[in-house]
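Asker: Residues per chain are reported as follows:
There are 2 protein chains.
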Amino acid sequence: MKESIKLGIFGLGTVGKGVVEQLRKNGALISQRLGKELQITKAVTANPTKDRGIDLSDIQISSDPKDILDDPEIDIVLELIGGVTDAKSIVLEALQKGKSVVTANKALLAECTEEIFNMAYQSKGLFGFEASVAGCIPVIREIKSSYSGEKIEEISGIINGTANYILTSMIEDKADFQVALKAAQDKGYAEADPAFDIEGTDTAHKLIILMDLAFNGLFDLKELYVEGITKITPLDIEIAEQFGYTIKLLGKAVNTDKGFEGRVHPTLVKTSNMLASVRGAFNAVAIKGNFMGPTLSYGAGAGAYPTASAVMGDVIEISRNLLQEAGQLVPPLASMRDQLSKKKILPMSEVTTEYYLRFSVLDEVGVMSKITTLLGENDIGIRSMLQKGEAHSPKDPIHVVIFTHKAIEKNILKALAKIDSLQFVAEPTNLIRIDTE
Amino acid sequence: MKESIKLGIFGLGTVGKGVVEQLRKNGALISQRLGKELQITKAVTANPTKDRGIDLSDIQISSDPKDILDDPEIDIVLELIGGVTDAKSIVLEALQKGKSVVTANKALLAECTEEIFNMAYQSKGLFGFEASVAGCIPVIREIKSSYSGEKIEEISGIINGTANYILTSMIEDKADFQVALKAAQDKGYAEADPAFDIEGTDTAHKLIILMDLAFNGLFDLKELYVEGITKITPLDIEIAEQFGYTIKLLGKAVNTDKGFEGRVHPTLVKTSNMLASVRGAFNAVAIKGNFMGPTLSYGAGAGAYPTASAVMGDVIEISRNLLQEAGQLVPPLASMRDQLSKKKILPMSEVTTEYYLRFSVLDEVGVMSKITTLLGENDIGIRSMLQKGEAHSPKDPIHVVIFTHKAIEKNILKALAKIDSLQFVAEPTNLIRIDTE
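Line by line, the protein sequences are chains A and B. Per this note's numbering: the first sequence = residues 243 to 679. Per this note's numbering: the second sequence = residues 243 to 679.
If you're looking for bench data, these hints aren't it; they were derived computationally from the structure. Hints are all accurate, no fakes.
Put simply, identical chains are the same to the list, so a pair is met inside one copy or across any two.
Using 25 Å as the maximum straight-line C-alpha spacing, the simulated BS3-like pairs for lysine-lysine come out as follows:
{"no.": "1", "residue 1": "K416", "residue 2": "K512"}
{"no.": "2", "residue 1": "K339", "residue 2": "K278"}
{"no.": "3", "residue 1": "K660", "residue 2": "K648"}
{"no.": "4", "residue 1": "K366", "residue 2": "K584"}
{"no.": "5", "residue 1": "K366", "residue 2": "K278"}
{"no.": "6", "residue 1": "K248", "residue 2": "K278"}
{"no.": "7", "residue 1": "K393", "residue 2": "K278"}
{"no.": "8", "residue 1": "K244", "residue 2": "K366"}
{"no.": "9", "residue 1": "K393", "residue 2": "K267"}
{"no.": "10", "residue 1": "K278", "residue 2": "K585"}
{"no.": "11", "residue 1": "K585", "residue 2": "K267"}
{"no.": "12", "residue 1": "K512", "residue 2": "K473"}
{"no.": "13", "residue 1": "K248", "residue 2": "K393"}
{"no.": "14", "residue 1": "K267", "residue 2": "K530"}
{"no.": "15", "residue 1": "K612", "residue 2": "K637"}
{"no.": "16", "residue 1": "K267", "residue 2": "K284"}
Since the structure is predicted, the reported quantities are computational estimates derived from the model, not experimental observations.
The task is simple: from the sequences and hints, build the whole structure.
Answerer: Next comes the structure, spelled out in structure tokens:
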């Protein structure tokens, strides 16, 4: 049996440094659980001489990937550089060379799913990617192991901490979107270019990974419906609250009779739903199975230490395996390779759910009748309704909010296209989907 | 490689039947993930001819344990009979004979920890017990695998569905304890003899298992402090709510500088804490680690299907392992055998926390002064205070509620012993500990 497990890290940014620190601090505890020592022997980074504020003296640092990839002593390669191009060649080459790989890179897995996982299956390598979705929440291990006896029916995740942080400030500080975004940027919760987070792209990356795992499929990221949180206003939040809802950016996947729904959009969630209690930069993933019923897992979805923790969990699992030369026990994408097939996502127009519709209209006679007639003609039932605000002049719009019964999205869009072209409509209608759980 | 994995089930009660049904319904899906078929070939039960309302025609049923234990074809033994005596001999014998074992039996694991786990280590057998704590919540796999890089600092669990169901009805229906208990019994959420659940025993069993796993130790169940929910009144619930708290029966373990706290008692939990949102018969376990920070996992803590689901997760994990003859990769109690040691639980008198104290006193001059003086003399600081109710006659007690700052339990008990012996005290003071998270 090996005397220790040797790790080579690509990237000494936030997460890479977190892994080094965790091993320094918890190394003794980890050895009690593993029986052997974990050692980070090498790191590769673009700038090897940079002072990173932590002790790296026993790690050989270079800028040449070969130093890790060609070193037969390195057992596990940690890909923590992010981005797609370089990360892809590192992961593929490491697996091909028979090394085990751990990555936190959701963009890579979502954009190059087939290439990466084909190699993971082919090479029979040990491949950990728990840190790629929802930080320290062990959702990937849950689906691959704990819930492996389940038909998974539904996944709803708050899996982008930045978006949830912004929405939480909008709710708790009654701030509007731009103010909340600015505050999140000032506090380091949002990037200078926040598009990835607030437009839903990052949530989409993570959702597609979960769908592949949960539904024994290979789904196409481009087929996901993705809508960000930029159009949410304090008024929507206030009205939602009044009706017992909170607004969250959800990644949602549903295994329906018609096909697989896969969608990322702001969603009205009942305040009694556990997801509504997830505040600030935290993440949570709710998974429903046909035997276990509803579950939820909650924790820090990002940050140096929580992400490092997920990486370390994978490293220890793989190390236990390597020490006993056990081989690949759990298929990389949860199912046997020959059982994985390309699967389609239901077009958004075919999704059936409930809707929150906020119409901005002039306060004229006949407005309500026209709106409700057009909804009725498109098979859209009204569950509740609210008129908000008073017009001080005939040109001031008022807000009419309608909560619909379940309706099919294409009918909603047809009705809204007609309604929004009417003369008394001051602004395009704000549509937010409702979580029917 | 084996062509299938054969299971022998002890017990065809609620959970046993659930496992059979899950395999019938999800068998095809499970085979896609496992690559081979799972088959339940035999069952042993006290009453083999009883009609159980499900199709058992392809399972050979008998009342003789040897039919399973001596069958070399059986790969995994499922111990689902509950109780301690018979279950113990089944588990020990199966492991000794080189079989893998899955159990849902928390009483067995908590009361016979050393015997069972000594055998699990010695035999190098595969031993799954995810279903023993918190039903389908994969908390055992979390601690053993996902959080294996963490120093676990704290565990707080709502791990008894019956107690949580009763407390939830007391809160939501403003029912008092006996009424809520009766309703829970009528609906099948509480047993005819509910002592195990409402006195905290079941929570204690589960907590001790989690402590062994989280703290690399063997703890003694008898050292746990255990207090049930029978003394909680609607008045306590109402006052707690007024101050932003919900009352939950928590199993709590804390790794402190002074030693390991381990305690089960009703607890005031802040309504903003995720644990406060856990309603009805659901369970949740919050775990805090030094790198990942706070996490929480939520789901059905009992019931045929959710428990079966946890059993099935273990069965599939073990099967994957058996198919590749990988051996015992993860130590049964998370740490290597030689790293496990007997550990002490801090006596309750040494625990430091905040307290809710409800005094029932006659409305006399000087009462408040005496109470507050005695608290002060025992180093107990007052955080907030409330006087509730008006005496209609001098003999009617009124309620004085004090929320303390952090204090050491022995001081609290010393002060209460003195206060409760004072003449103006009408009833013993109701003490509820506060979760300081």
